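4 protein chains.
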Amino acid sequence: MTRAVSLPVLDDASISDSPKEECGVVAIWNHPQAVHLGYLGLFALQHRGQEAAGLAASSNGKINSQRGQGLVSDVLTPDRLQLLDNYYNKDESSHPDTPPHKRGVIGHTRYSTAGGSGLENIQPLVENMFDGPIAIAHNGNLINANAWKHELSKRGQIFHTSSDTEVMVHLLAHPDQRNSHDPTAAMLQNLQGAFSLVILYKDRIEAARDPWGFRPLVLGELPDGSPAIASETVALDVMGATIIREIEPGEIVTLSDEGLTSRRFASPQAPLARCVFEHVYFANPASTVFGQNVLISRERFGAQLAIESPVDADFVMPMPDSGRSAANGYANQSGIPYREGIVPNRYVGRTFIKPTQEQRAAAVRLKLNVVSEIVKDKRVIIVDDSIVRGTTTREKMKQIREAGASEIHVRISCPPIISPCFFGVDFATPDQLIAHNKSVEEIRDYLGVDSLEFLSHEGMLDVMHDQESGYCTACFTGKYPIDPERPLACQVSAAY
Amino acid sequence: MTRAVSLPVLDDASISDSPKEECGVVAIWNHPQAVHLGYLGLFALQHRGQEAAGLAASSNGKINSQRGQGLVSDVLTPDRLQLLDNYYNKDESSHPDTPPHKRGVIGHTRYSTAGGSGLENIQPLVENMFDGPIAIAHNGNLINANAWKHELSKRGQIFHTSSDTEVMVHLLAHPDQRNSHDPTAAMLQNLQGAFSLVILYKDRIEAARDPWGFRPLVLGELPDGSPAIASETVALDVMGATIIREIEPGEIVTLSDEGLTSRRFASPQAPLARCVFEHVYFANPASTVFGQNVLISRERFGAQLAIESPVDADFVMPMPDSGRSAANGYANQSGIPYREGIVPNRYVGRTFIKPTQEQRAAAVRLKLNVVSEIVKDKRVIIVDDSIVRGTTTREKMKQIREAGASEIHVRISCPPIISPCFFGVDFATPDQLIAHNKSVEEIRDYLGVDSLEFLSHEGMLDVMHDQESGYCTACFTGKYPIDPERPLACQVSAAY
Amino acid sequence: MTRAVSLPVLDDASISDSPKEECGVVAIWNHPQAVHLGYLGLFALQHRGQEAAGLAASSNGKINSQRGQGLVSDVLTPDRLQLLDNYYNKDESSHPDTPPHKRGVIGHTRYSTAGGSGLENIQPLVENMFDGPIAIAHNGNLINANAWKHELSKRGQIFHTSSDTEVMVHLLAHPDQRNSHDPTAAMLQNLQGAFSLVILYKDRIEAARDPWGFRPLVLGELPDGSPAIASETVALDVMGATIIREIEPGEIVTLSDEGLTSRRFASPQAPLARCVFEHVYFANPASTVFGQNVLISRERFGAQLAIESPVDADFVMPMPDSGRSAANGYANQSGIPYREGIVPNRYVGRTFIKPTQEQRAAAVRLKLNVVSEIVKDKRVIIVDDSIVRGTTTREKMKQIREAGASEIHVRISCPPIISPCFFGVDFATPDQLIAHNKSVEEIRDYLGVDSLEFLSHEGMLDVMHDQESGYCTACFTGKYPIDPERPLACQVSAAY
Amino acid sequence: MTRAVSLPVLDDASISDSPKEECGVVAIWNHPQAVHLGYLGLFALQHRGQEAAGLAASSNGKINSQRGQGLVSDVLTPDRLQLLDNYYNKDESSHPDTPPHKRGVIGHTRYSTAGGSGLENIQPLVENMFDGPIAIAHNGNLINANAWKHELSKRGQIFHTSSDTEVMVHLLAHPDQRNSHDPTAAMLQNLQGAFSLVILYKDRIEAARDPWGFRPLVLGELPDGSPAIASETVALDVMGATIIREIEPGEIVTLSDEGLTSRRFASPQAPLARCVFEHVYFANPASTVFGQNVLISRERFGAQLAIESPVDADFVMPMPDSGRSAANGYANQSGIPYREGIVPNRYVGRTFIKPTQEQRAAAVRLKLNVVSEIVKDKRVIIVDDSIVRGTTTREKMKQIREAGASEIHVRISCPPIISPCFFGVDFATPDQLIAHNKSVEEIRDYLGVDSLEFLSHEGMLDVMHDQESGYCTACFTGKYPIDPERPLACQVSAAY
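Protein chains in written order, with the working numbering: chain A, 939 to 1434; chain B, 939 to 1434; chain C, 939 to 1434; chain D, 939 to 1434.
Simulated from the structure, these hints should not be mistaken for laboratory data.
A few of these clues could be false.
Copies of the same chain are indistinguishable here, so a pair counts whether it falls within one copy or spans any two.
[Claimed, not checked] With a straight-line Cα cutoff of 30 Å, these simulated DSSO-like cross-link-like pairs (lysine-lysine) come out:
{"id": "1", "residue 1": "Lys1087", "residue 2": "Lys1314"}
{"id": "2", "residue 1": "Lys1417", "residue 2": "Lys1376"}
{"id": "3", "residue 1": "Lys1040", "residue 2": "Lys1000"}
{"id": "4", "residue 1": "Lys1316", "residue 2": "Lys1417"}
{"id": "5", "residue 1": "Lys1028", "residue 2": "Lys1336"}
{"id": "6", "residue 1": "Lys1140", "residue 2": "Lys1336"}
{"id": "7", "residue 1": "Lys1028", "residue 2": "Lys1040"}
{"id": "8", "residue 1": "Lys1316", "residue 2": "Lys1040"}
{"id": "9", "residue 1": "Lys1028", "residue 2": "Lys1000"}
{"id": "10", "residue 1": "Lys1092", "residue 2": "Lys1376"}
{"id": "11", "residue 1": "Lys1092", "residue 2": "Lys1040"}
{"id": "12", "residue 1": "Lys1140", "residue 2": "Lys1040"}
Quick caveat, the model's predicted, so the values are computed rather than measured.
Chain A on its own, in the form it takes in the complex:
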């Protein structure tokens, strides 16, 4: 007897056509429970990065941290949280000679976009400079990081990580910069690309957002008046904070015992380049991002799609969990009943065995069960949020066909993705992007479905209530707001 059965195995990434997420950050100043609130905030941002997590606390002029690879709850165990909390809440200022106890916490959850997955890359980065410790947590990608690394290495600086973020530390450590009247601003002026970041100093937190506004960053207030910062509003919600406003593109907000202050290190770029993909895929549906609730955006993408690409069918069915809101919008707009007939296995994220290409079918079967009692002899509209590589979608369509569907109409709630992102989204390489290589008709044929339609670029921007000019839609158009091939020369800035 031979081993004829292919071994069906999988992991989450391999059966997903979705891009990989990047990072989330949180910051809290002076709240007695800041360590635990930071944990909650990171937990709520877990969808922005599952590879590593960490919290850093400033207290009595020093900085300590707990960091590691894995999910927030794996890394920040009760014991480790307690250790950090003890450190944070120990007040040495009662000694007559010491200043008042200043304290703050920042946190980071990471999916590596630039920089490998090594331990040394786990954020917040904590470094000791000549005049004291700092910690940095950063969401986004710089396009001139490599140029700076080359330049600084040539000057004798030693880099320990492969992350963009370490460049910022080296720039901050330079004596001219340190001695300038605003070191944070001077450092940020040397950066090009996407960055929403928080820097923990011994006496304050500085939060900043790049002039293009690529990634979100919001400010809130805890019930006791302490300020808090997070990548998304859901994190502030979970901490029990009230949302105040977004950090603006080009703005630095300082959190300290003197309260909140704001200044600009650059003018906002006009037009802005806010990432539309945060609404399409990244951000938590419960978050309000760039002033608009994400779940409602997705319902409206679906409704718009129903207007643009109607089709007669027995019911609308979402690809769980990603297509659910858009499918709702499509169904309610079209009047076609909404039913779910694909059952996801909630444990698949924890599977580990790598599939070969042949095993993909088995892998998909393990992740999703199509209920044939629902789809048999039915005309179904399948709604999903995006298609990146297409391989997994194809397997899913095959399953639905095998379960007996008579017609399959696929509707995707964003335009075809044709170009890579250089600002924090880890899509596949261009040649792996199915829409980079194939027309919509070719993709339909590849998927083996009866019709396939994508949301139009205009339709998408209509939903965003905005002009194209305010959003980065480079992944759909190939038109980048900053030319990734031409980073700024690394010149020492005036202040530098």
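Based on the hints, put chains B, C and D in the right spot on chain A.
Frame of chain A; chains B, C and D shown alone:
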């Protein structure tokens, strides 16, 4: 500065009003990939028990196993699977004196219902008896296990586990039983309660189901003709097997190199006592249980609820993920739009910190985000599958109210749960069951909602296409198919 | 370039010609620090078994334990000791209905002689019988264990371990035995072989030694008057106990709140069969075993060897650490200077890589460095305690020769080992014993040394101050005090 | 009943009066088995540092490493060695454009003397500089490290470790240095203190020793002609290498595919400051250090002590294991018999519980058993290598007295230690050094012994066959070869 903020923490159980699940079993005879297929089967049954898992393989007259605490993918790592596979596929029968290589695999995923969570309780139990090794995997609860333990201990037998299942092993080990013409049947005739089980012998697998038919157990056929058994059809689907039929109440099916054979150890009880809660909550929606697809049952429970308890509202909203199918049914039946406005955090299952009662609100907030942009000033119908303790549901309702809903109408797709289960479901104790202590109106008041309705007992059974007599509905009625207070006396059976 | 250099690797066992040790036991009744004293006692008995360790504590009518694989300090970590101590010292007898708080501790350190190295074999074995829990810790080997296992399995008993010790539990659990007036004695009368053991009941400890007296077992008194038992006097010394006397062959001593009592379950066998190898190799040199200090025995073995087998040489050199005492005795008796020229690596015990035969030389070189500045052009007498396989000794001799010794005279402080042990010592199999297969002259030739002499049988017994008849010297003579081929038939004893 | 018994617990350090050891290094160029040979070398140097270990391999222009906390065998598991070996032996030079495959390995075993015990301090340090990777392994302490750290931080350099060694990396990374004709020499000229080190470049290894010659460093040749470097000759012995010579003070030796070359970066200091304590305590007795075998030095220290401080007694007894060689020398010189009566527990090194001062007696009892049958009513001479704090020695003496010795005469084979070391030995602080605070008579009184004598400074140097001027004896005299209070100013060197 005092620590005024309560620390919001949680675990999955603590914020769920759902009962705990029990166990799932799989078995495969003589397939070369049986170890990996067993792994896939268990993976698909993960929802039936997340506490421990294991596989046992019979090969060359011996039995080996891999077992441990945790999820299937944590316990059955690639290394351990490979070790077991090597063992299973090593054929020593080429030696001239040895018989043909007979081999099979059984597996188990466990949530402890009886028996603590100790390592020794992890199944399959593997034991060496005088005439060889056996392994057992069992889903269900016996009501006469303690009586047998007392009796057998008095005779000098030593018990190493606190599980019901070990009783079966001791009964099987007794010389009279072993020497009877049908030891498995003789043993099963001594048991009372719920049991769907598989026994791995060196030369065969025997699968049996109690005469009342409490728990499901299905037979399938792999593409190469090898037989397979599982608790639910989804497990057979994932293995790539074709469903043949259910194991019948009172039946023993033997899988061996001689093919399949069937016999009865008892007549089916009339009326049967199939667990209706498998359809309400337990089973995977993609499974066909007791002859009917579970997802469709749940849609129909929702539709029936819309007929029984209509209400005017802006939209129907499911409690994710448990209420989604019933909410679909309710919406499509009533014509009221379906929208989702509660966003679950997919990572909460991994959280570990135990909440105090006061922290429950924060815990619920971490698990679920209500999107106020959706519910504000709206009349919403919330559909869920069941209410056990009610504490979590209350917090969820409070969140929805705080998000601005103008009216909240709760619809539950089963009747009130008033009595504990002795046949494999770990509800709370009676005084923890909210419907044991309160009327529907009192529960509505406790939840702080505008209306609350449960599906009627008749409505539920109508959906099941059956007479009440064919299902155990004791948790809703208090009428038990076997009196748990009066187990059979432990007499040695005729064959014993 | 080829990989010409053999990879030199090793483990401790592989470069040792020594037999493997068996087990050590301790017991303490009612001392408030019994858990920590038990830990210290086990620590002092670590040389008797490095594979696993455990402590069991009886308290309030129940028994709890901490056990695991590894060294005493690896298994019994501070956390685990504290847990067990909390359990042991928690007094529930203040409740009006409960009896006075009775409590005791037993411990075991193990090298497996019979029974594999599985977790289930780790002692103390803890079992629940019909009338309560017991724990057993046992040093020695039974020769009728397999016969009893066969018999009891046939009766339907289920064995979970492969150790001899479980037989005792099954015999104790039998109702007739339990109901006899002295269950411990009735059980022990069914055993044949070597056993020094302690049994922990809820209200007492019983310590017993087989009628042949194979293995040591001593009784002591702690400063507060609490009684303590251990395999060797060093363990009692470390606990701070005063040595009282040996447990006698055939005696049971009971430790309870009523004080010490003694009774016999059998007459001592005449002649006794005390293991002479405890003095040659096993026991800690600081212990007094069978009434005589072990280090002094070893010095005298060396002195006797100097009388029997003198040789002219530049100095006497011990094989560290095993030959040091005998080399001292030899040097002081002969007047030849004592020098150490072989330096042991104290970390080798932790090495793990298995050597192939060719790598043995490199392995030995890593374990021992011969100082050529000492041995070059010198006639050296090398003294060691025993030779089992000879392979390692050969490599060591080669090293000494390569370091430049002009003559090598080997003196071994016991007779040639020609037969296996069935009473607790894990020598190699007979054909691996070099003296089973070769004459002394052949061994000398194999070792490549100038002369080789063993201590005579008479000389050894002279040192023991005793007749041959009082010691088991079967490994040197092949004459066994009980025929291992003819165990007693398994008949139910009178009381049974 | 109260808890009257103190809990006797201990760790190795706490019951030792010995100083802590520092570090050992190894290096091998181009041998195919260099990774495994490096492992063996480190294993043989384990006595020089038990806190952390690591190997770094250069191959194909890159450097990879395996490092961690713990013993060599804990850190460098077979899996990790294999990974590093695969990396080291993978030859990418067959590609037409790549240069010949150059490869080498360096290793380090560490006890932290300066720099905490953090993971980032584990050596070899591996860093990427502008023109490629380097790794450094260093034995010794710099006295101007902190001055350089201050200076370099001020210039904007970021330090990640607290070790002296990182200073070297930053100096090497500076462009002027890198661009000098001999960067290694230019860097070394900036250092002051003790350093024996090996630097792994992509195309060579450079080994250097400070101009004072504080720490040993030896060069050897493997059977295939490959060069090897190690801190001590035992490491070369274990690798199977032939000893060639010491690296000279002020010398740099380069190992590359072009063979060995030597040059000086500084003139040797006259007088040299070779550490005499390597002979007294540190080095492995089997090593030849500074041209003389260590074990023979120790025998001679003992013999010299017998000449200087004779006493009538029944026997000479070593403090195991440290005093054995000197006790041998004393006994053979004096003609008084040598006997061992103190039995060490070989497992104590693995104990972990920290003793309080009161528990020290129990701790010592667990570590050492004095055999009263040997010492009772005897006049004993106890020989040990050194006394640092004296607390442990006092407990040992008390034990010997309690075991019945009628007279105790203590002889120490080095002079009293009165001053701390700044060149790599971690003694206690000055006020913890018993001889810093007490006269010899006061120490004798403190120890409670009948006589106490130390080896004279002259006697020690006589044994070393040398003038005082060639050795650093600052710990005995307080006269430091370099003033630790006055490090060189941090000026950029000519080449810098």
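Next on the checklist: Treating 30 Å as the Cα threshold, decide for lysine 1028 and lysine 1336: within, between, both or neither.
Outcome noted: For lysine 1028 and lysine 1336, the Cα distance exceeds 30 Å both inside one copy (60 Å) and across copies (36 Å).
Checklist entry - At most 30 Å between C-alpha atoms: does lysine 1087 with lysine 1314 qualify within a copy, between copies, both, or neither? => result neither (58 Å within a copy, 50 Å between copies)
Checklist entry - Can you tell me if lysine 1417 and lysine 1376 fall within 30 Å by alpha carbon in one copy, between copies, both or neither? => result For lysine 1417 and lysine 1376, only the intra-copy Cα distance (19 Å) is at most 30 Å; the inter-copy one is 63 Å.
Checklist entry - Taking 30 Å as the upper bound on the Cα-Cα distance, should lysine 1092 and lysine 1376 be classified as within, between, both, or neither? => result neither (44 Å within a copy, 56 Å between copies)
Next on the checklist: If the cut is 30 Å between Cα atoms, do lysine 1316 and lysine 1040 qualify within a copy, between copies, both or neither?
Outcome noted: Neither, since 65 Å and 45 Å both go past 30 Å.
Item to check | Copy assignment of lysine 1028 with lysine 1040, given that the CA separation must stay at most 30 Å | outcome: within (11 Å within a copy, 45 Å between copies)
Next on the checklist: Cα distance capped at 30 Å. Does lysine 1316 pair with lysine 1417 within a copy, between copies, both, or neither?
Outcome noted: neither (41 Å within a copy, 41 Å between copies)
Checklist entry - For the identical chains here, do lysine 1028 and lysine 1000 meet the 30 Å Cα criterion within one copy, between copies, both, or neither? => result The answer is within: 12 Å in one copy meets 30 Å, while 43 Å across copies does not.
Checklist entry - Between the shortest in-copy and the shortest cross-copy C-alpha distance, which are at most 30 Å for lysine 1140 and lysine 1040: within, between, both, or neither? => result within (7 Å within a copy, 47 Å between copies)
Item to check | Homo-oligomer pair classification [lysine 1336, lysine 1140; C-alpha up to 30 Å] | outcome: neither (57 Å within a copy, 40 Å between copies)
Checklist entry - Within a copy, between copies, both or neither: where do lysine 1040 and lysine 1000 come within 30 Å Cα-Cα? => result Within one copy only: 10 Å inside, 44 Å across.
Checklist entry - Given a CA cutoff of 30 Å, do lysine 1092 and lysine 1040 count as a within-copy pair, a between-copy pair, both, or neither? => result Cα proximity of lysine 1092 and lysine 1040: across copies only (25 Å, versus 37 Å in one copy).
When the structure is compared with the earlier hints, violations turn up for hints 1, 4, 5, 6, 8 and 10 and for no others.
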